[in-house]
Amino acid sequence: MEDVLIFTIDGEEIGLLEGKSDWEWERFVVPEGRHTLEWTFIRTSWETGSHMGYLDALNFYVPEDSAPEFTEQPIDVELDGLGSANFT
Numbered sequence: 029m030e031d032v033l034i035f036t037i038d039g040e041e042i043g044l045l046e047g048k049s050d051w052e053w054e055r056f057v058v059p060e061g062r063h064t065l066e067w068t069f070i071r072t073s074w075e076t077g078s079h080m081g082y083l084d085a086l087n088f089y090v091p092e093d094s095a096p097e098f099t100e101q102p103i104d105v106e107l108d109g110l111g112s113a114n115f116t
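Numbering of the sequence shown is given in this note's numbering, commencing with residue 29 and proceeding in unit increments.
Calculated directly from the structure, the hints in this document are not laboratory data. For clarity, every value in this text was computed on a predicted model and none was experimentally measured. Mixed in with the good hints, there may be bad ones.
If you anchor each label on the Cβ, the simulated ranges turn out as follows [as the list claims (entries may be wrong)]:
#1 Ile-42 to Ser-73: 20 to 28 Å
#2 Ser-73 to Thr-99: 19 to 27 Å
#3 His-79 to Pro-59: 28 to 36 Å
Beta carbons: idealized from backbone N, C-alpha and C, even for Gly.
Work out the full structure: start from the sequences and follow the hints.
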């Protein structure tokens, strides 16, 4: 099994990137209402090399009369010797 980056909405797996891959554009529909969006990286190999998953951008496209409401701001994470995740 290779390292994986999993995207879930409300705990349901919606997207999956496995192993080494080039940059990919993905599009997912988030239904109306409150939802939890979560990305989880699972390292399955301890071989040398880069063991990371990257999320370059997140865009929301919504009808003009509505907008996403963030109830909890993501926090920055620093992983000793492995990298970081920064949110602005």
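To see whether the hints hold, each was checked on the structure:
Against the hinted window of 20 to 28 Å, the Cβ-Cβ separation of Ile-42 and Ser-73 comes to about 24 Å, which satisfies the hint. Roughly 35 Å separates the CB atoms of Ser-73 and Thr-99, a value that falls outside the hinted 19 to 27 Å. Against the hinted window of 28 to 36 Å, the Cβ-Cβ separation of His-79 and Pro-59 comes to about 33 Å, which satisfies the hint.
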